[in-house]
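Colleague: First to last, the protein sequences are chains H and B. Just so we're aligned: 87 in this note's numbering is position 60 of the first sequence, and the numbers increase by one with no gaps anywhere. Just so we're aligned: 40 in this note's numbering is position 35 of the second sequence, and the numbers increase by one with no gaps anywhere.
If you're looking for bench data, these hints aren't it; they were derived computationally from the structure. Treat each hint with caution, since some may be false.
FRET-style restraints, in silico, Cβ to Cβ [claimed, not checked]:
hint: 1; chain 1: B; residue 1: His82; chain 2: H; residue 2: Lys30; range: 27 to 35 Å
hint: 2; chain 1: H; residue 1: Pro67; chain 2: B; residue 2: Gly89; range: 18 to 26 Å
hint: 3; chain 1: H; residue 1: Glu32; chain 2: B; residue 2: Val65; range: 19 to 27 Å
hint: 4; chain 1: H; residue 1: Asp66; chain 2: B; residue 2: Asn62; range: 21 to 29 Å
hint: 5; chain 1: B; residue 1: Leu59; chain 2: H; residue 2: His103; range: 35 to 43 Å
hint: 6; chain 1: H; residue 1: Pro109; chain 2: B; residue 2: Ala8; range: 22 to 30 Å
hint: 7; chain 1: H; residue 1: Ser35; chain 2: B; residue 2: Gly89; range: 26 to 34 Å
hint: 8; chain 1: B; residue 1: Ser10; chain 2: H; residue 2: Thr125; range: 21 to 29 Å
Quick reminder that beta carbons are idealized off the backbone N, C-alpha and C, glycines included.
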Amino acid sequence: SQKIEQNSEALNIQEGKTATLTCNYTNYSPAYLQWYRQDPGRGPVFLLLIRENEKEKRKERLKVTFDTTLKQSLFHITASQPADSATYLCATSVGGNTPLVFGKGTRLSVIA
Amino acid sequence: DTAVSQTPKYLVTQMGNDKSIKCEQNLGHDTMYWYKQDSKKFLKIMFSYNNKELIINETVPNRFSPKSPDKAHLNLHINSLELGDSAVYFCASSLNPGQGSIRYTFGSGTRLTVV
Numbered sequence: 028s029q030k031i032e033q034n035s036e037a038l039n040i041q042e043g044k045t046a047t048l049t050c051n052y053t054n055y056s057p058a059y060l061q062w063y064r065q066d067p068g069r070g071p072v073f074l075l076l077i078r079e080n081e082k083e084k085r086k087e088r089l090k091v092t093f094d095t096t097l098k099q100s101l102f103h104i105t106a107s108q109p110a111d112s113a114t115y116l117c118a119t120s121v122g123g124n125t126p127l128v129f130g131k132g133t134r135l136s137v138i139a
Numbered sequence: 006d007t008a009v010s011q012t013p014k015y016l017v018t019q020m021g022n023d024k025s026i027k028c029e030q031n032l033g034h035d036t037m038y039w040y041k042q043d044s045k046k047f048l049k050i051m052f053s054y055n056n057k058e059l060i061i062n063e064t065v066p067n068r069f070s071p072k073s074p075d076k077a078h079l080n081l082h083i084n085s086l087e088l089g090d091s092a093v094y095f096c097a098s099s100l101n102p103g104q105g106s107i108r109y110t111f112g113s114g115t116r117l118t119v120v
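Same shape as in the complex, but just chain H (with noise of 0.2 Å):
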């Protein structure tokens, strides 16, 4: 079966500073790749998805890859601020009708 993995837990960073996370994906590759904001005490919330032919996705400070050779997806935030300290989860399925599998996810601080 398909796994997700997000091998940092926690990851400290520098406000202004650009953040890098990594999911990584075993066995085939998935049609697409999904990333999720989680803050505690609420639901995760959709950010971006970037389909299995597409290099690079962006949305405002957000940019996402897809490397179907190294079975890897990057999720850059570019001038981090306080504000984005969230647990971030990465997310595909196997197809058809069948639901997300999440990653354990990376809890991301900013430090000010």
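Chain B: place on chain H using the hints.
Modeller: Okay, now just chain B, sitting in the frame of chain H:
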């Protein structure tokens, strides 16, 4: 307007009790889900359901059962609660994958504590 709403937000109950958590979505989505987030914050799928198909994660005990009175609601019923059931339960919804956008919208969660 809350897109996906769950009630209650907090639930404290004794071992052996039966409880239900309600979920409603007003997005017109076709598919709804229940996820469990344990103390290590790992989000794990329990069920997905649309009016045609129920997909059950095989690791979910049969004490857990989803009940859907209509397309906008998917309630979670739990029998004979155990200490290990303590977790945060999230409801989510989406369009069917074949309809294009496959992003999920989550509720704010129900924190269940079994004592």
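Colleague: Holds or violated: the 35 to 43 Å window for the beta-carbon distance between B:Leu59 and H:His103?
Modeller: The hint (35 to 43 Å, Cβ to Cβ) holds, given that B:Leu59 and H:His103 are roughly 38 Å apart.
Colleague: Between H:Asp66 and B:Asn62, is the Cβ distance one that fits in 21 to 29 Å?
Modeller: holds, 25 Å
Colleague: Just to be sure I understand the hint, the distance between the Cβ atoms of H:Pro109 and B:Ala8 should be within 22 to 30 Å; is that true here?
Modeller: Since H:Pro109 and B:Ala8 have Cβ atoms about 27 Å apart, the given range 22 to 30 Å holds.
Colleague: Does the Cβ pair H:Pro67, B:Gly89 satisfy 18 to 26 Å?
Modeller: Since H:Pro67 and B:Gly89 have Cβ atoms about 23 Å apart, the given range 18 to 26 Å holds.
Colleague: Taking the CB of B:His82 and the CB of H:Lys30, does the distance hold inside 27 to 35 Å?
Modeller: At 30 Å between Cβs, range holds.
Colleague: Could you say whether the range 26 to 34 Å given as a hint is met by the Cβ separation of H:Ser35 and B:Gly89?
Modeller: holds, 28 Å
Colleague: Is the hinted range of 19 to 27 Å satisfied by the C-beta distance from H:Glu32 to B:Val65?
Modeller: holds, 23 Å
Colleague: Go ahead and decide if the range 21 to 29 Å is satisfied by the Cβ distance of B:Ser10 to H:Thr125.
Modeller: holds, 25 Å
Figure legend: structure checked against the earlier numbered hints; every hint is met.
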